[in-house]
Amino acid sequence: MTVTTPILEWRGIRKRFGGKTVLNGLDLEVDAGRSLVIMGGSGQGKSVTLKLALGLMRADAGDVLFEGKALSGGLGRHQQKLYRASGVLFQGAALFDSLTVWENVAFRLINADGRSRRAARVAALEALDQVRLESSVADLHPSELSGGMQKRVGLARAIVGRPRILFFDEPTTGLDPMTAEAINLLIVDLVKRLGCTAVSITHDMVSARTIADDIAMLDQGKVVWKGPVKDLDQAREGVVQRFISSSAGPPPAAG
Amino acid sequence: MAAAARLTLLAPVAAVGRLTLGLTRLTGALTLFALRGLLACLSLPFYGRQLLQQGVAIGFMSLPVIGLTAIFTGAALALNIYTGGGRFNAEQIVPQIVALGITRELAPVLAALMLAGRVAATIAAEIGAMRATEQIDAMRTLSTDPFRYLVAPRLLAGVVTLPILTGVADIIGIAGGWLVSTLTLDFNPAVYARATVDFVEVWDVQSGLIKAAVFGFIVTLMGCYHGYTAIGGARGVGRAATRAMVWSGVLIFATDYVLTTLFTRG
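Protein chains in written order, with this note's numbering: chain B, 8 to 262; chain E, 18 to 283.
Simulated from the structure, these hints should not be mistaken for laboratory data.
Please note: incorrect hints may appear among the correct ones.
Here are some, though not all, of the chain E residues that point toward chain B, as calculated from beta-carbon distances under 10 Å [as the list claims (entries may be wrong)]: (1) Gln70; (2) Ala146; (3) Met147; (4) Ile153; (5) Ala155; (6) Met156; (7) Thr161; (8) Tyr166.
A few chain B residues that face chain E, going by a derived Cβ cut-off under 10 Å, partial list only [unchecked claim]: (9) Gly62; (10) Leu63; (11) Tyr90; (12) Arg91; (13) Ser93; (14) Phe97; (15) Ala100; (16) Leu102; (17) Asp104; (18) Ser105; (19) Asp120; (20) Ala165; (21) Phe174.
For glycine and all other residues, C-beta sits at the position ideal for the given N, C-alpha and C.
Using the sequences plus the hints, can you model the full thing?
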């Protein structure tokens, strides 16, 4: 029997905004090499859960642990260690609009790793190739690209540092179904090829079933169900069943 | 009824209290932001490319508007001093007062106000839009400190370029006074120039340049602070741009008074 070690853990997280409790003692962990998708309705704390791990928000209580170390400790060094080991695809891609595509992809290499612009460009072109974008887009600005292409550039930026853990924030939001499917398959392919851990948040059931090994369902600030994606339909929790049935859409018209 | 009356009576006091608390919070937040910005200016890594870009955007691109402001201000000042001096037969003081007014006061203040209008709002809008579209969050996850990458180059560019712009405004402003005095007020060009050179002291120019460096910090700090703390999407970005411009103006005048008091003492 193999023992898996959690690479990332949320322990007893509480977070309030004004009078509203968003996370109420959240406990969750991701095992190394697995792809976890965090699901839940709007306002159930999915984005907050992700932002806490990324150090973009502070918990009122509890801690997020990366490889067993609290991210809030070590005077920010542990958070920096997570940044060094991770890549993030933001919901709107969050590309720097003053930079070209290749400069976006190579941003970390130039500004954090101190690589020369020439070497960084070569690495950026390789990453663009991995997300199936032609090198001809490298010198364009993000505003000249479609939404799907921007997501691909965001993906290239996330993987260029050869991360051990990838975060995806609503990776298919705002995309048409065909582009969304292409992005989902690309994520699956990249995660497998890089052999890394993935943490995604989404409310898109199709996307979740495609990219997840495990699913965690959030409701009222807690994980109400967690398990392998193949067991999702057998979940007995009412919240999960309601979420699945509401995501299925209306039955096809007869005739 | 009595409680309601008491509440009505206390309403102005409560309003003053809210205003005081708000201002205290703002001052505290702004001070911390400024300290963090200064610390980022003094620590590595140093983004030279960003500094160069901001130097061009903030300094070089402001040159035409500041040059035009200076020449017209110098010309108008000469006419006003000539008219005022004429009331007690002292028209000959035009070169000296133009030079003093331009170098010590008008060039640094007007250049800073022009910069506030052109740059503070632009910086606030630019950084505010980056905040709204998660670009600042993305930067942090890419192991890059937004204070070092975004704030420090802008602060440094403001502190370095505004004194240079003010130096240029000094020359153009005095030239504006010389031009109008020699063309319309019958001053001898060489005598006017000699009077200016003989009268102006190094400290007159230096004090103006020190003021300009402080104003450059204020203008870029206001742009960065209001952009960085912008909330509420496109509307929030618009509000941040307006606030950056207005607060820059107010702080320029307030700081100008404080610095002038310090510089004229003793």
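Verification of the hints:
Evaluation of the Gln70(E) hint against chain B yields a held restraint, the C-beta minimum of about 9 Å falling below 10 Å. Below 10 Å, beta-carbon pairs count as interface contacts, and Ala146(E) has one with chain B at about 8 Å; its hint therefore holds. Interface hint at Met147(E): satisfied, since its Cβ lies 8 Å from the closest Cβ of chain B, which is below the 10 Å cut-off. Look at Ile153(E): its Cβ gets to within about 9 Å of chain B, closer than 10 Å, so that hint holds up.
A least Cβ separation of about 4 Å between Ala155(E) and chain B falls short of the 10 Å threshold, and the interface hint therefore holds. Given the 10 Å rule on beta carbons, the hint for Met156(E) holds: about 8 Å separates it from the nearest Cβ of chain B. A cut of 10 Å between beta carbons decides the hint on Thr161(E): the least distance to chain B is about 5 Å, and the hint holds. The beta carbon of Tyr166(E) is positioned within 10 Å of a beta carbon in chain B (closest approach about 7 Å), and the interface hint is therefore held.
Evaluation of the Gly62(B) hint against chain E yields a held restraint, the C-beta minimum of about 7 Å falling below 10 Å. The closest approach between the C-beta of Leu63(B) and any C-beta of chain E is roughly 5 Å, which is under the 10 Å cut-off, so the hint is satisfied. Nearest Cβ of chain E to the Cβ of Tyr90(B): about 5 Å, under the 10 Å cut. The hint holds. Hint status for Arg91(B): holds, given a least beta-carbon distance of 6 Å to chain E, under 10 Å.
Satisfaction of the interface hint for Ser93(B) is found here, the shortest Cβ-Cβ separation to chain E being roughly 7 Å, below the 10 Å cut-off. A distance limit of 10 Å between C-beta atoms decides the matter here; for Phe97(B) the minimum to chain E is near 5 Å, and the interface restraint holds. With its C-beta approaching chain E no nearer than about 9 Å, Ala100(B) sits inside the 10 Å limit, and its interface hint holds. Interface hint at Leu102(B): satisfied, since its Cβ lies 7 Å from the closest Cβ of chain E, which is below the 10 Å cut-off.
This hint holds: Asp104(B) has a C-beta 8 Å from the nearest C-beta of chain E, less than the 10 Å allowed. The restraint placing Ser105(B) at the interface with chain E holds, with a minimum CB-CB distance near 8 Å, inside the 10 Å limit. The interface hint given for Asp120(B) holds, since its Cβ lies 8 Å from the closest Cβ of chain E, which is under the 10 Å cut-off. Hint on Ala165(B) holds. Least Cβ distance to chain E is approximately 9 Å, under the 10 Å limit.
With a cut of 10 Å, the hint placing Phe174(B) at the interface with chain E holds, because the nearest CB-to-CB distance is about 8 Å.
The structure is consistent with each of the numbered hints, conforming to all of them.
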